[in-house]
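Participant: Using the sequences and the accompanying hints, generate a full structural model.
In terms of our numbering, the sequence shown opens at residue 1 and continues consecutively.
Honestly, the hints are just simulated from the structure, not real lab data.
In this text the structure is predicted, and so the values were computed from the model without any measurement.
Label-pair restraints from in silico Cβ distances: (1) 5 with 26: 30 to 36 Å; (2) 13 with 53: 17 to 23 Å; (3) 29 with 51: 28 to 34 Å; (4) 28 with 4: 32 to 38 Å; (5) 53 with 30: 34 to 40 Å.
Virtual Cβ for every residue (Gly too), placed ideally from N, Cα, C.
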Amino acid sequence: MSIKSIRNWLNLLFMLGAIVGLLVYFMRSREQGTYIILGSMILKFVEAGLRMIKTNE
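Facilitator: Structure, rendered in structure tokens:
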């Protein structure tokens with residue numbers, strides 16, 4: 001599996017997590033929604049770190 005493919009999956013998971021987090025934040029519990037959004041932000045930081053790795057692909 002290439003780094004680009006991993007980055008794409010991490011981006012997809014980040015976007016889904018952010019959407020779910022916003023829905024939970026506004027419809028259920030602000031605290032749980034915040035935790036979901038923070039968890040998805042960790043995925044985004046990992047993706048950004050992988051983007052900084054220069055590879056010859």
